[in-house]
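Student: Let the hints inform the model, and build the full structure from the sequences given.
Under my numbering, think of the first position of the sequence shown as 1, with each following residue one higher.
Keep in mind that a hint or two might mislead.
Restricting the straight-line Cα-Cα distance to at most 20 angstroms, the calculated cross-link-like pairs of lysine to aspartate or glutamate (EDC-like) are [what the hints assert, rightly or not]:
1. Lys49 <-> Glu175
2. Lys114 <-> Glu72
3. Lys114 <-> Asp143
4. Lys49 <-> Glu16
5. Lys49 <-> Asp4
6. Lys114 <-> Asp76
7. Lys19 <-> Glu9
8. Lys49 <-> Asp76
9. Lys49 <-> Glu9
10. Lys49 <-> Glu119
11. Lys114 <-> Glu80
12. Lys114 <-> Glu104
13. Lys49 <-> Glu7
Simulated restraints, written as ranges between beta carbons of each label pair [stated by the list, open to error]:
14. Glu104 <-> Asp134: 16 to 24 angstroms
15. Pro118 <-> Asp98: 25 to 33 angstroms
16. Glu104 <-> Pro5: 28 to 36 angstroms
17. Arg169 <-> Glu139: 12 to 20 angstroms
18. Val167 <-> Asn210: 22 to 30 angstroms
Rather than coming from a laboratory, the hints here were simulated on the basis of the structure.
Predicted, not measured: the structure shown is a model, and the values here were computed from it.
Each residue gets a CB set at the ideal place from its N, CA and C atoms; glycine is no exception.
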Amino acid sequence: GWLDPEEPENAARTVELMKLRYVVLTSVDRDDLADGGAAHYAACVRAIKRRSPHTAVEALTPDFQGVRADVETVVDSGIEVFAQNVETVRRLTHPVRDPRAGYEQTLEVLEIAKRRRPEVLTKSSLMLGLGESDAEIDETLADLRTAGVDIVTLGQYLRPTVNHLPVRRFVRPEEFDRYRERSLALGFLECVSGPLVRSSYRAERALQRNNAGLDNRRLAT
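Tutor: Okay, here's the thing in structure tokens:
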């Protein structure tokens with residue numbers, strides 16, 4: 001598959017020009033490439049770090065089909081955060097996610113990243129409202145912690161088009177608050193939880209431990 005050889009330097013110049021303090025790099029799956037695009041990810045991170053050494057970089061990656069060496073290539077590139085989204089509970093994985101993806105494979109990728117470089121924060125995200133039960137949410141959170149995940153985000157699933165899965169329920173804000181409390185009790189460094197939260201939502205504020213500022217806003221109102 002084709003890759004833009006100038007993308008790493010172009011991305012680095014953009015980050016420098018915009019004076020960004022925190023960057024999330026993501027991509028579509030590149031299963032057409034032998035390494036799933038891992039080396040290209042790493043090249044982008046290194047280029048950003050050369051020009052903006054104080055900028056924190058989060059890599060929200062494909063699962064690289066669970067290939068350890070490819071995951072480690074990204075983790076070794078100088079990132080601060082490695083993110084791979086589990087998306088939903090075990091039972092709903094195949095209706096919700098690409099058939100090539102797997103619940104266990106996502107957990108394995110996150111565990112590989114944490115074992116390779118324990119100082120790199122690991123992160124995952126879960127969409128709610130697809131028909132999962134409270135017990136299944138708790139199971140998924142426990143599985144993520146067992147894999148060494150540090151940060152989790154929880155948000156409401158919203159149906160993009162009529163061709164996508166329907167929303168089974170709208171989770172109330174107070175329920176999101178409870179899920180956050182349960183996540184923190186499990187030992188996550190932070191759980192950013194709310195109806196409109198997405199994986200990269202206020203990503204640079206995840207370690208302020210105030211629900212990425214959502215708690216402050218509620219207090220202010």
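Student: Which of the listed hints are not met by the structure?
Tutor: Hint 1 contradicted; others consistent.
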